Amino acid sequence: MINVLFFLLSIVQYFSFEKEKDFEVSFIPVFQEKSLELENPYCNTKGEGCINIEILRFYISDVKIWKEDVLVAKDEITHRLLDMDNPASFNWDIIIPKRSKPTHLTFTLGVDSLTNVSGAQGGDLDPTKGMYWTWKSGYVNFKLEGKADDCPGRKNKFIYHLGGYQGPNAGCREIQLPIEGKCKAEIQFSLDEFFGKVPPSKLYHIMSPNTVSSSVADIVASIFTIKE
Amino acid sequence: MRMRSWIISAVSLFASLVFLGEISRFEAPDYFPETEYDFNKNPLTEEGILLGRALFYDPILSRDNSISCASCHSPYNAFAHTDHDLSHGIDDSIGLRNAPALFNLAWQKSFMHDGAVNHLDMQALAPISEPSEMDESIANVVQKIKGTELYPKLFKDAYGDDEITGERVLKALSQFQLTLVSATSKYDKVQKGEAEFTEQELSGYAVFKTHCSACHTEPLFTNNEFKNNGLPVDTTLNDWGRMRITNKASDSLLFKVPSLRNLSFTYPYMHDGRFRKLNQVIKHYTDNGIVEYSNISKELKSNIEISGKEKVDLIAFLLTLDDKEFVFNKEHHFPREILMDK
Chain E
1 MINVLFFLLS
11 IVQYFSFEKE
21 KDFEVSFIPV
31 FQEKSLELEN
41 PYCNTKGEGC
51 INIEILRFYI
61 SDVKIWKEDV
71 LVAKDEITHR
81 LLDMDNPASF
91 NWDIIIPKRS
101 KPTHLTFTLG
111 VDSLTNVSGA
121 QGGDLDPTKG
131 MYWTWKSGYV
141 NFKLEGKADD
151 CPGRKNKFIY
161 HLGGYQGPNA
171 GCREIQLPIE
181 GKCKAEIQFS
191 LDEFFGKVPP
201 SKLYHIMSPN
211 TVSSSVADIV
221 ASIFTIKE
Chain H
1 MRMRSWIISA
11 VSLFASLVFL
21 GEISRFEAPD
31 YFPETEYDFN
41 KNPLTEEGIL
51 LGRALFYDPI
61 LSRDNSISCA
71 SCHSPYNAFA
81 HTDHDLSHGI
91 DDSIGLRNAP
101 ALFNLAWQKS
111 FMHDGAVNHL
121 DMQALAPISE
131 PSEMDESIAN
141 VVQKIKGTEL
151 YPKLFKDAYG
161 DDEITGERVL
171 KALSQFQLTL
181 VSATSKYDKV
191 QKGEAEFTEQ
201 ELSGYAVFKT
211 HCSACHTEPL
221 FTNNEFKNNG
231 LPVDTTLNDW
241 GRMRITNKAS
251 DSLLFKVPSL
261 RNLSFTYPYM
271 HDGRFRKLNQ
281 VIKHYTDNGI
291 VEYSNISKEL
301 KSNIEISGKE
311 KVDLIAFLLT
321 LDDKEFVFNK
331 EHHFPREILM
341 DK
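Residue numbers (this note's numbering), protein chains in the order written: chain E, 1 to 228; chain H, 1 to 342.
Worth double-checking, as some hints may not be accurate.
[Said to hold, decoys possible] Quick look at which bits of chain H chain E covers, simulated, 3 or more residues with Cβ under 8 Å: (1) 108-119; (2) 138-147; (3) 217-225; (4) 289-303.
[Claimed, not checked] Computed Cβ-Cβ distance ranges for the label pairs, DEER-style: (5) E:205 / H:233: 33 to 39 Å; (6) E:54 / H:64: 54 to 60 Å; (7) E:212 / H:194: 40 to 46 Å; (8) E:212 / H:237: 24 to 30 Å; (9) H:214 / E:76: 47 to 53 Å; (10) H:237 / E:113: 30 to 36 Å; (11) H:301 / E:117: 17 to 23 Å; (12) H:249 / E:205: 18 to 24 Å.
Simulated from the structure, these hints should not be mistaken for lab results.
Bear in mind the structure is a predicted one, so any value in this text is a computation, not a measurement.
The beta-carbon is built from N, C-alpha and C at its ideal position, and this holds for glycine as well.
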């Protein structure tokens, strides 16, 4: 009798009204194997000096969850501004069908060209967010600012503003990450890796779209990985 | 029967309430092309236009509340800045370029002399943040506006609630600027069959069509393109035009082709205001003024050859593009009733 009840309960649960579930998406900036903290000196063990990050802010757009080449779900908010001064902006849920088994996730680092030419917009795209260039139209896709002891810039400051939406130097990047067998996507990106490829001692000012900013956008896009 | 007309009136009243505020203040003649601006994304309303007009004339947009949009875009100069070759800004600073006239903006594909701005909504961000103009940030403008007694009410009237955002500020400014349509000059009246050109104006019109209209295309009198018109570089400014934006050598010294409407009100001319008189402009094109750059506009590869009489006739025609009804339209002027009490 108990077996029958258990069987019926399982069937009810299987066909329950709850057909959707939350799929957690989080972005985790790490530096020296720990979650990044702003205004915290990260010092090199080789004695080459410290790096202090003051601003980390970037757009993630059009997040989609896929099973092979079939779209499972997409983020209801198209453009999200992830800002280290607003830690909650790094985590959100996407509703997916309960029994779906996603294989990968795609998103855009930055703001697409159509949005860039569509006039004033609100929410995270409001120009008051400080992510819109004023001397030349277009969103800044990615902002990273801080100080490094070995940076030759004024007051040792480095400023990386990556943007641009036109032509070969457009700054948007499409990123795909595997999530097979995962119940959430914890997307890490390592600042060690970034500074390893973009040392502030050599490159410390990027404030307009050009070939250098385009190369750095490629590097930023390459440091996103799924946390194992 | 009476009942039926009462019902029709009631339905009409209901319909007008449903569409409360939305208006057709934007009017253009049928010989104008389709607009570039997408009004569906920012439908004009009386309240939105009034809010935009108040913001346009309010120095609250500048760092020390001293400079408004109208400081360099005066309504009496077709929203240009007569007598100043370069724009003036905060702390009496001088900018890099001549403040352009503002009209027929709904038909423009890009903004600023070098096309740096891709949408009318976003244009105001440039002067607001430019250190030699308003030296302010849109985020701070929003904070200042929130602290006033006036603006929360105007935003509520325009948007249904008193939330003040950067998007709303910019769209309201667009709403007002979109109403700046210049289409009531003598030229327009001739197009509409309401007036006739004089013989001299007709002769000038023929000269214009032969030598000028490729770039200053009717009826807007600009093709909205960027051209190198052969001006020698002003070495005190070293302004390389569109190349500053695109980083392409082929865009060196390219500037946006300006409209020829309202020339009597918008002097001095050219991106750096180097010419004070129309005669000087015409002389540049006809009397060996053109520098032969490799990327010179193809229409200017050789001097334009016209006689003295033709020059005079051409100017006579160009003056038919003056639009006094537009310039003296009080609906575009300082909103005394709102800002005087502020």
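Comparing the hints with the structure gives:
With 4 residues bearing a CB less than 8 Å from a CB of chain E, the stretch 108-119 of chain H meets the requirement of three and the coverage assertion stands. Remark: the stretch 138-147 of chain H is confirmed as covered by chain E, as 3 of its residues place a Cβ nearer than 8 Å to a Cβ of that chain, reaching the required three. Only when three residues or more bring their CB closer than 8 Å to a CB of chain E does the claim for the stretch 217-225 of chain H stand; here the count is 0, and the claim is violated. Requiring three or more residues with a Cβ within less than 8 Å of a Cβ of chain E, the coverage given for the stretch 289-303 of chain H is violated, as only 0 such residues are present.
Look at residue 205 of chain E against residue 233 of chain H: about 27 Å separates their beta carbons, and that is not inside 33 to 39 Å. Residue 54 of chain E and residue 64 of chain H have their C-beta atoms about 27 Å apart, which leaves the hinted 54 to 60 Å range violated. The hint said 40 to 46 Å for the Cβ distance between residue 212 of chain E and residue 194 of chain H, and at roughly 58 Å that hint is violated. The hinted window of 24 to 30 Å between residue 212 of chain E and residue 237 of chain H holds, with their beta carbons roughly 27 Å apart.
The beta-carbon spacing between residue 214 of chain H and residue 76 of chain E, approximately 49 Å, falls within the hinted interval of 47 to 53 Å. Taking 30 to 36 Å as the suggested C-beta distance range, the pair residue 237 of chain H and residue 113 of chain E conforms, at roughly 32 Å. Taken as a hint, the range 17 to 23 Å is violated for the pair residue 301 of chain H and residue 117 of chain E, whose Cβ atoms sit roughly 33 Å apart. The hinted range of 18 to 24 Å is satisfied by residue 249 of chain H and residue 205 of chain E, whose Cβ atoms lie roughly 23 Å apart.
Consistency with the previously given hints fails for numbers 3, 4, 5, 6, 7 and 11, ordered from lowest to highest.
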